[in-house]
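2 protein chains.
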Amino acid sequence: MKNYIKPDEWSIIEEGFDPHHHQISESIFSLGNGRMGQRANFEEAYSGQSLLGNYVAGVYYPDKTRVGWWKNGYPEYFAKVLNAANWTSIDVNIDGEQLDLAKCEVSSFRRELNMKQGYLKRNFRAKTATGKEVEVEAIRFCSMADDETAAIKYTVTPLNFSGNITLTPAIDGDVVNKDSNYDEKFWDEVSKANQPEGGYIVMRTKKTGFEVATGMQFTVLQNGKSVQIQAEAINKEKYVASKVTLQAQQGQSIGIIKYVANLSSQNHKPEELVDKLNATLNRVSQKGFDTMLAEQAAAWAKKWEHNDIIIEGDVSAQQAIRFNIFQLNQTYTGEDDRLNIGPKGFTGEKYGGSTYWDTEAYCVPFYLATADQNVTRNLLLYRYKQLGKAIENAALLGFKNGAALYPMVTMDGTECHNEWEITFEEIHRNGAIAYAIFNYVRYTADEAYLADYGLEVLLAIARFWSQRVNWSADKGKYVMLGVTGPNEYENNINNNWYTNTLATWCMGYALEVAEKVKDSSPEQYVALLARISFDEVTEIAKFRDIIEKMYYPYDDAQQVFLQQDGYLDKEQILVKDLPVADRPLNQKWSWDRILRSCYIKQADVLQGIYFFEDRFDTETIRRNFDFYEPRTVHESSLSPCVHAILAAKLGDEERAYEFYLRTARLDLDDYNNDTEDGCHITSMAGTWMSVVEGFGGMRVRDGKLSFHPFIPEKWTSFSFHMGFRGALLNVKVSRDGVQLKNLSDKTVSVVVYGKEQIVNANTELLIKA
Amino acid sequence: MKNYIKPDEWSIIEEGFDPHHHQISESIFSLGNGRMGQRANFEEAYSGQSLLGNYVAGVYYPDKTRVGWWKNGYPEYFAKVLNAANWTSIDVNIDGEQLDLAKCEVSSFRRELNMKQGYLKRNFRAKTATGKEVEVEAIRFCSMADDETAAIKYTVTPLNFSGNITLTPAIDGDVVNKDSNYDEKFWDEVSKANQPEGGYIVMRTKKTGFEVATGMQFTVLQNGKSVQIQAEAINKEKYVASKVTLQAQQGQSIGIIKYVANLSSQNHKPEELVDKLNATLNRVSQKGFDTMLAEQAAAWAKKWEHNDIIIEGDVSAQQAIRFNIFQLNQTYTGEDDRLNIGPKGFTGEKYGGSTYWDTEAYCVPFYLATADQNVTRNLLLYRYKQLGKAIENAALLGFKNGAALYPMVTMDGTECHNEWEITFEEIHRNGAIAYAIFNYVRYTADEAYLADYGLEVLLAIARFWSQRVNWSADKGKYVMLGVTGPNEYENNINNNWYTNTLATWCMGYALEVAEKVKDSSPEQYVALLARISFDEVTEIAKFRDIIEKMYYPYDDAQQVFLQQDGYLDKEQILVKDLPVADRPLNQKWSWDRILRSCYIKQADVLQGIYFFEDRFDTETIRRNFDFYEPRTVHESSLSPCVHAILAAKLGDEERAYEFYLRTARLDLDDYNNDTEDGCHITSMAGTWMSVVEGFGGMRVRDGKLSFHPFIPEKWTSFSFHMGFRGALLNVKVSRDGVQLKNLSDKTVSVVVYGKEQIVNANTELLIKA
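First to last, the protein sequences are chains A and B.
At position 512 of the first sequence (counting the first as 1) the number is 512 in the numbering used here, and the numbers step up by one without a gap.
At position 691 of the second sequence (counting the first as 1) the number is 1691 in the numbering used here, and the numbers step up by one without a gap.
Computed cross-link-like contacts, SDA-like style, restricted to lysine to any residue with a CA-CA straight-line distance of at most 25 Å:
id, chain 1, residue 1, chain 2, residue 2
1, B, Lys1477, A, Ala557
2, A, Lys389, B, Ser1590
3, B, Lys1185, A, Arg66
4, A, Lys207, B, Gly1068
What the hints contain is simulated information worked out from the structure, not anything from laboratory work.
Since this is a predicted model, take the numbers as computed values, not measurements.
Hey, can you work out the whole structure from these sequences and the hints?
Printed below as a string of structure tokens:
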């Protein structure tokens, strides 16, 4: 665990330069606007350890699968998030010496990720090997208001000399992925040009043929004012740059504003890319840096209005929760139903693929409450549009008749993952996709979605489950063999309670929705059934039979749901009794030892209880929580949030807060020693859930929001914003009670501590403690 | 399945050249002498599809592991069988045209692997692109009598022209492994030299530093007579050759005898390699080709005397069984306890490693009966010498106190494999190593081995099992979780009956041997216990407790041992009811589908019944056989033999013969479409077992050989040779009865059909049918 980020309510701040923290900071200080983003690589050259990363949403490369031992059914390719052309580079040369912080004496260094306004600012003083000292300020952002553009303002002030300073803004398309399976480069050059005070390059991905045009225009600054300087064009393979040499006077700044545009063939015709790129560059350079930055601040102000969480009395917690919300918003804006939420967002390339079940299980609740409902709708449509691929994917594994298995990891709907116990067996992901539909409709009441899209997905998923179970003559029940549950510290197990529960829920929900659609939209219903050849008689009967006769492992003695068959055969030593030296297990124990142990990576039975809380009385929840949590090592970043929410539900405020702490500063404090690879974007939604569903006790029941809040002891108050069916609410929890502000023109009825409260439009209400 | 090998009792013959069969034939016609060997690559150039392979026993390279997803505990390296310097090459150039069968019209072609005398002979007529026709004969062998040497006699006769023919015998060290993980070359050149009529090259393996000196001397022949010709030396990187140009007259042969020596630093000091190599080359070239070939024939005659199986009435079966015996003898001679039996022997590089549990479970019975007992003793010593590594290997997986887990695949004792479900969980291999000790002592009565070496290994293995089980409070029994049994179509299962059974047997046998050694060699016993810190009180008590309270899954309804917990939850459709199009499952079904099915790859419960046959009455064996065999797809080459033996035991002669057929010609008929990668060497021992233990009903009981033979309907008779405790027996089974010939000076007592028979030295006895 690191602890070098300065506390601040609105900013992430690093002071002093420590090369050991640099790659972590490159992740933490990442920028993004949903369309593109990049790690906080330095503009100037840096020869120290660094992971270069510039990403364009939705642009990927199918890298040939690499495995030790091939298993039948493995996909041939793994869709990698691509490191794309680097547009941040501005080389600085001082009288023939390259500015490189790895080779300088750095006397002051500060970087700030300003989350309120959405920019990254870096200031430092450095002395070169020959003793020339400069002060540098760099500000950059990816525009939220105009998402194909970005800008950098970079100034250098000589402190103890006057001399020639050369600035070389560049677009560099000659980049690699660190995770390339065969050390292959993924991009070919299509075209490039140097232009007056600028240049561009168009790159095309191999195989997938995405074209991305990346260009710059720049303005040279001397002493803060724009000046005209003759630039020298540089043009190498996959690289364009302009060399600008200035006579810099001691104490007077020189600098450059670099306007950037990044256009992808996903959104433009390839033949129009260059013209549109230039038009965009002209537009933003005419607009100017300050105007762009003001628009950026305004765009972020609008975001925060809907999704801020304010914590009083704990700056560190305040900073953390805002960081999580900020990164989620940088990663996904919900405007494009072809995009999804990569596990590292724009902060790294690791894990590849942009879509995991994290989206449906963890991110959907966040976006439902904090963004327009279309954002979540687009996430659902993304899966709807990939239904054909999910059916193909299931067919590859032997399923028939339109059964769909959504991939474990994907970009375009094709399965990418290649670990049999995950790819083929961690099939509960399919249930999360159905659950997200349920969750969306529960939250928004958008029932039209069901008739238009939802039911088709639900039936395909239900078909999968109905084929995936088999009748056990031995048990006289349906069973589900060979699965991996959310607890990935078990593989190829039989009758995972969570998966079995989810499977029958999916079938039941599909039937319920089918009834509803049949009733409300009979023509659509009939047309759908015909299109997917759904046999109403036999298929429904089969679903019902399975729902009725499904087997769920249960232990009578302890009255708990059993994670899987045979779980109680394991040696039951609790986590608290494990030697500290053995933790984390995933680094200290061989895989087989983990597998045969009773230790749980992340909520499994408890994930099911979280999803279907209303089915269980509090004592049942408590028994299961008390049984499973002491066996859980929380070695997934997705684990603590569910436990925080259930602990809160059970009234254990202290433990709820403990679980919250484990997720909130996961990346800021580099809790797992892996933030250098990128931030844990999807688990950030879990932090939000811990606060809103945990401490706030927020639920949606019978079409209403309900709250059952408490305040963590250390906090004075906390408040959160939520949209709900056209209304915008602010809920503030303090020692005084629960204050509800209705910031919209719509009256809402909410339930607080079990009692209904009407909050009229544009009014507030205090429910005293 | 291919069917191009001509039937012959003593030879493998291919007639006509079909490039599609070439790589298969390269495997089948491979040569070896236990010390070195190679695939049947052509001497002259061949630009068609070919897998070049020359191997030197025990020389390997630790190739960096390649996996898709790293699991904690994986070994960093995989020891690869190395393609070594190619000494077979003799380039042929006819008036400027290179002889290359891929570019010629081949009017006749014949190759013969003469198993009686141990050589490979090839004759062909080919016409070059310009119409020049030649006849070629090539004979080569790896000397069994002098195992660092080999020889090739290669003659070319111009049929329709006179002209210049250039022969270029070469030693080429610039070779690659097809299975190299990172396309790396594994050899560096140490030194080389052209010499008068010869040359040599010394190569060193990277990392492991093995040095191998490979040299040649040659004699040029014109019209069958040796002639002196000035050769032109060629010397390139990792390559030496001599170019010999002859004026060839139409109808008169020219040719070359290439004497080869191959010396490894395993057997010689590196600094002496070149001198010894040259001395060896001088020795064999002075001896001459014909004498070497005569010695070769004599060495093989001696082998066959001890291990031939003669089948009358079925040439195809006769050819097949001799092929299997021949290849086993080529692969392993048992003279060096640092060597073992690679799954492909000297016929290919696939799978890497030289040692699998195949050695103990399948090969030991063959070598026990057909070779001097020292051969098996060396196989046991190989493991004894690697005990330290096995203890290290277990420690990596968290085991303590001298517990040993022998590797799944190894060269030097270090685990190489990297598939968690196999590497970490297919631990039954450990039991096979104990069983081989038991089998060796049962067969040879060499009880001194137990005190000297066996007990130490047995206790380390028993310690492993005692730590690998855990107490299930739920069952009130010891259980063993997370294993893969011999049936690799199940992974990470709980309480595999075979593994549980083997584990307690190992502990019991270790205790039995401990008692015996304590009694017979008390000083050795005490010294051993001290050396390995064995606590006689607590450890023995623990073993006993586990033996007493072990859990074995069993189905009361069907009265069968259950392969594992939950096996009866599977859908029970028999193999005969599977669509033909679904077979073989490992090519047609995704891995998860195979795993959750009831289908069995190879004997699992039945492997246990085979090992411990005496524990079960015939009805128990029959019930289990009748339950499991119909669920078995036999998709391992190791499967049919155990089933053949058990079917024979149960009196089902027809099915015993059917199972035998599946293994006997596995490679000759390319049954599994994979012989091009190399032959299935270790499963060849299973074919021998099918005949001797299956049809012959051979067992060792109470220190005596016993037989319960029958003749397959298609055969007239079959007979086999066996050594047993200093005696040599020939057992011939015909319609007349069982004829026992004692070919030794020692009287033996054998049991035939349950009745004891004394066979006096050098006499024979007929037990009438």
